[in-house]
Amino acid sequence: MNYELLKDLCQKSGVSGYESEVLKFIEERIRQYSDGLEYDRAGNLIAYKKGRLGKCENNKRILYSCHADEVGFVITHIEDDGRLLFEQIGMSVLVYTGRQVLIGKKKIPGIIAVKPVHLLEKEESEKIPEHKSLFIDIGAKSREEAEELGVYADYAVFDSGYEELGSGMIKAKALDDRAGCAMLISLMERGIEHDGYFAFCVGEELGLRGSQTVAERIKPDLCINLECTTAGDVYGVTGSQRTCLVGGGAVVPFMDGSAVYSADLYRKARAIAEKKGIICQTKTKIAGGTDAGSYTRIAGGCRTLGLAVPTRYIHSACSIAKKSDIDEVEKLLFAVSDEAAGL
Amino acid sequence: MKLDIEVYTEEIKKLYRMLAEIPAVSGKEECYAEKMRQTVLMYTDFFDKSEILAGGGLLFTHSCGVPNARKLLIDAHFDTVGFIVSEILDGGFVRVEAVGGIDRRLLFASEAEIYGRKTIKGVFVSTPPHLSKKDKDAEKKLPPLSEMFIDTGYTKEELCDIVSVGDACGFTFSYKELRNGIICGRSMDDRICAVAVLLAAKITSEDKNYVDKCDIIFSFSSAEEVNGSGGAVLGRLLADGAVVMDVNFGRDYEIAPQESYILGEGCGVSYSCTTSRALTDALVSCAEKSEIPLQKMVEPKSTGTNANYISNAYLGTPCAVLSIPEKYMHTAVEAVDIKDVYSCAKLLCEFFKVFPEFADNFEKSRKIIPMEGVLGNEL
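Note that the protein sequences, when read in sequence, are chains A and B. Quick note on numbering that gives the first Met the number 0: the first sequence kicks off at 0 and runs consecutively. Quick note on numbering that gives the first Met the number 0: the second sequence kicks off at 0 and runs consecutively.
Accuracy of the hints is not assured; some may be wrong.
Said to hold, decoys possible - The calculated SDA-like cross-link candidates involving lysine to any residue, where the alpha carbons are at most 20 Å apart (straight line), are:
#1 B:352 to B:202
#2 B:295 to A:28
#3 B:366 to A:19
#4 A:11 to A:76
#5 A:218 to B:374
#6 B:366 to A:28
#7 A:218 to B:352
#8 A:106 to B:276
#9 B:295 to A:11
As the list claims (entries may be wrong) - Cβ-to-Cβ under 8 Å is the rule here; a few derived chain B residues that face chain A:
#10 116
#11 254
#12 256
#13 299
#14 314
#15 315
#16 317
Said to hold, decoys possible - Computed Cβ-Cβ distance ranges for the label pairs, DEER-style:
#17 A:166 to B:366: 44 to 50 Å
#18 B:378 to A:27: 21 to 27 Å
#19 B:40 to A:106: 52 to 58 Å
#20 A:91 to B:66: 42 to 48 Å
#21 A:240 to B:118: 56 to 62 Å
#22 B:66 to A:322: 53 to 59 Å
#23 B:287 to A:7: 33 to 39 Å
Rather than coming from a laboratory, the hints here were simulated on the basis of the structure. A virtual CB, placed ideally from N, CA and C, is assigned to each residue, including glycine.
Based on the provided sequences and hints, a complete structural model is requested.
Following this line, the structure appears as structure tokens:
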């Protein structure tokens with residue numbers, strides 16, 4: 000994996016509905032490797048790339064898909080005293096209280112603020128804050144001051160650096176699904192055997208929105224969907240409840256909350272992994288949702304394979320993944336891609 | 000631009016009354032589609048084509064005559080909230096289920112209409128609290144809708160000849176004008192938006208300076224209040240953009256500023272992660288240039304309108320949401336300010352003029368390397 004690329008991608012902003020910054024970066028990066036490139040009518044970035052061997056037999060259409068959006072916030076209101084009210088996209092209140100954020104293209108810093116612990120009533124201090132009690136403080140003293148900065152209706156992302164952690168781990172925001180984006184870009188750079196379509200979807204975190212129009216646009220016969228998936232392997236959780244393990248290799252799911260993946264592709268992908276000595280695992284809980292939910296359902300539905308990076312604290316400022324897992328997913332993606340025409 | 004509203008005030012009132020007279024509780028649009036079609040076509044000759052879709056939604060098309068012209072979709076929904084008869088009871092009472100979001104608190108002893116073989120009137124009743132001995136606190140509790148009945152005044156035998164299970168019921172229509180240009184009545188949601196669209200169509204058709212270079216499709220959609228199927232089918236039109244029109248909450252005590260508009264201060268535009276920012280910005284800048292008052296709201300996850308469905312159906316359609324502020328939504332006394340209806344119509348008229356250029360630029364910006372021969376490049 001090109002970790003410089005992953006770092007760049009994670010540091011771009013792309014809250015669902017506001018993906019232009021990250022998509023522009025990807026567009027510029029993949030332009031030279033694309034034989035067709037467009038934003039579709041719903042804003043998804045779609046590339047077509049010719050393969051070394053040309054089209055598949057029967058003109059089978061292969062789609063590689065990931066999502067470009069990330070969880071974050073939208074400023075919904077400015078109070079007279081300059082505080083910003085906001086809505087969250089894709090998160091629990093637990094993970095954003097007290098965090099630092101960056102607002103909009105200008106990356107205006109702000110804090111998701113709470114009352115100091117000293118001033119809380121005993122009962123209050125034991126409770127998870129309610130979303131409606133929170134606001135973003137950018138230091139503005141008045142509505143006018145905040146308005147002038149253009150923050151109204153703008154987005155905010157976590158202000159969280161991309162860092163190496165412990166032994167071979169990465170901590171960053173938006174690993175979900177910039178890791179997927181990075182792998183598809185790498186695949187385009189490396190080249191493919193048979194013609195393929197590459198989709199960088201918008202609005203996944205709003206309920207698999209962008210991928211629905213991609214499915215209609217491409218009408219794929221085979222889809223390989225790249226994701227990050229929740230690893231619950233933290234202290235105290237045991238057995239299947241962990242869902243998948245950081246350090247356990249590439250995740251190949253058979254089913255999740257949104258989709259039933261092709262059992263045939265699941266089996267074949269595992270066989271390819273075994274042949275190539277790629278470490279992989281599956282999900283031990285049927286949970287979460289991915290764009291595979293769209294691809295298996297819309298425009299006739301197509302056989303879909305999921306490949307995912309096991310990731311801890313996935314919808315937060317600090318998601319953690321292991322480089323070796325990312326490398327295994329990328330290797331498996333390349334290997335599956337080489338054989339995709341026959342799958 | 001000065002709002003020459005005086006000219007159109009009476010027209011807005013009259014047109015609203017014409018449209019709101021026609022009941023079409025979600026699920027029953029087909030029964031009223033032809034009548035609504037005639038009503039619209041009688042009002043304006045702007046549209047040269049009209050059709051009734053499966054589900055009873057209506058589609059009116061104004062063709063500009065230019066080949067491959069841009070297509071602007073304007074959506075308002077045809078259906079309204081109401082009730083459906085679930086059981087005919089002894090004594091001429093009728094039990095109903097809600098269609099769409101209904102506030103049960105307002106139903107006690109209120110008037111209703113049942114659209115059976117003929118339309119009959121009735122009154123919502125429930126067991127009077129002081130007769131309900133079992134529960135001393137009954138007066139404080141809101142009974143479920145299944146324990147509130149419509150008293151029709153007929154005997155059961157007579158009633159069975161008129162009403163069947165599955166027939167729709169609605170609020171009776173009692174139009175009132177309050178002070179300061181506020182009008183009230185049923186089904187403002189979403190007939191008042193249709194009023195704005197039709198007024199815009201009429202003004203445009205009478206505007207000698209209008210340069211006709213884009214097709215304008217008005218969808219009077221079915222089923223918005225229940226499942227959005229009438230909006231979802233519009234994806235196939237492949238419009239270059241859609242302005243989705245619906246009512247939104249008017250400011251009232253207890254309703255926060257960030258989730259409401261002030262009546263009389265102009266129509267509202269929503270910013271949402273589920274709509275097109277480019278189209279929304281185009282609409283806002285059009286209003287600013289034309290000095291048409293506009294209020295703003297941020298509804299990140301869902302606009303609660305047909306835009307939720309249209310934006311994502313088939314290949315996707317860039318949507319913007321334009322609202323008329325309304326108080327007392329989903330009741331028999333929905334209230335709007337005529338000024339907002341008029342400024343909404345004005346904005347649409349101005350937007351018709353600038354839309355083709357927006358659509359050209361938007362398409363140019365999204366096509367980077369042609370997909371020719373791979374995917375349909377025209378899409």
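Checklist entry - Minimum Cβ distance from residue 254 (chain B) to chain A below 8 Å? => result Cβ of residue 254 (chain B) sits 13 Å from chain A, so the hint is violated.
Item to check | Restraint status (C-alpha distance of residue 106 (chain A) to residue 276 (chain B) at most 20 Å) | outcome: holds (19 Å)
Checklist entry - Can the restraint linking residue 352 (chain B) and residue 202 (chain B) be considered satisfied, given a maximum Cα separation of 20 Å? => result holds (13 Å)
Checklist entry - How about residue 299 (chain B): closest beta carbon in chain A under 8 Å, or not? => result holds (4 Å)
Checklist entry - Under the criterion that the straight-line Cα-Cα distance not exceed 20 Å, is the pair residue 11 (chain A), residue 76 (chain A) satisfied? => result Judged against 20 Å, a Cα distance of about 24 Å means the pair is violated.
Next on the checklist: Check whether the Cα positions of residue 218 (chain A) and residue 352 (chain B) lie no farther apart than 20 Å.
Outcome noted: violated (35 Å)
Item to check | Distance restraint between residue 366 (chain B) and residue 28 (chain A), which requires alpha-carbon spacing of 20 Å or less | outcome: Roughly 16 Å between the alpha carbons, so the hint for residue 366 (chain B) and residue 28 (chain A) holds.
Next on the checklist: Within 52 to 58 Å: is that where the Cβ-Cβ distance between residue 40 (chain B) and residue 106 (chain A) falls?
Outcome noted: Because 53 Å falls inside the window, the suggested range holds.
Checklist entry - Does the nearest C-beta of chain A fall within a distance shorter than 8 Å of the C-beta of residue 116 (chain B)? => result Violated, because the Cβ-Cβ distance from residue 116 (chain B) to chain A comes to roughly 42 Å (cut-off 8 Å).
Checklist entry - Could one say that the CB atoms of residue 91 (chain A) and residue 66 (chain B) fall in the range 42 to 48 Å? => result For residue 91 (chain A) and residue 66 (chain B) the Cβ distance comes to about 53 Å; the hint is violated.
Checklist entry - Is it true that the CA of residue 366 (chain B) sits at most 20 Å from the CA of residue 19 (chain A)? => result Distance of about 15 Å is within 20 Å: holds.
Checklist entry - If you take the shortest Cβ to Cβ gap from residue 314 (chain B) to chain A, is it below 8 Å? => result holds (5 Å)
Checked against the numbered hints above, the structure breaks hints 2, 4, 7, 9, 10, 11 and 20 and satisfies the rest.
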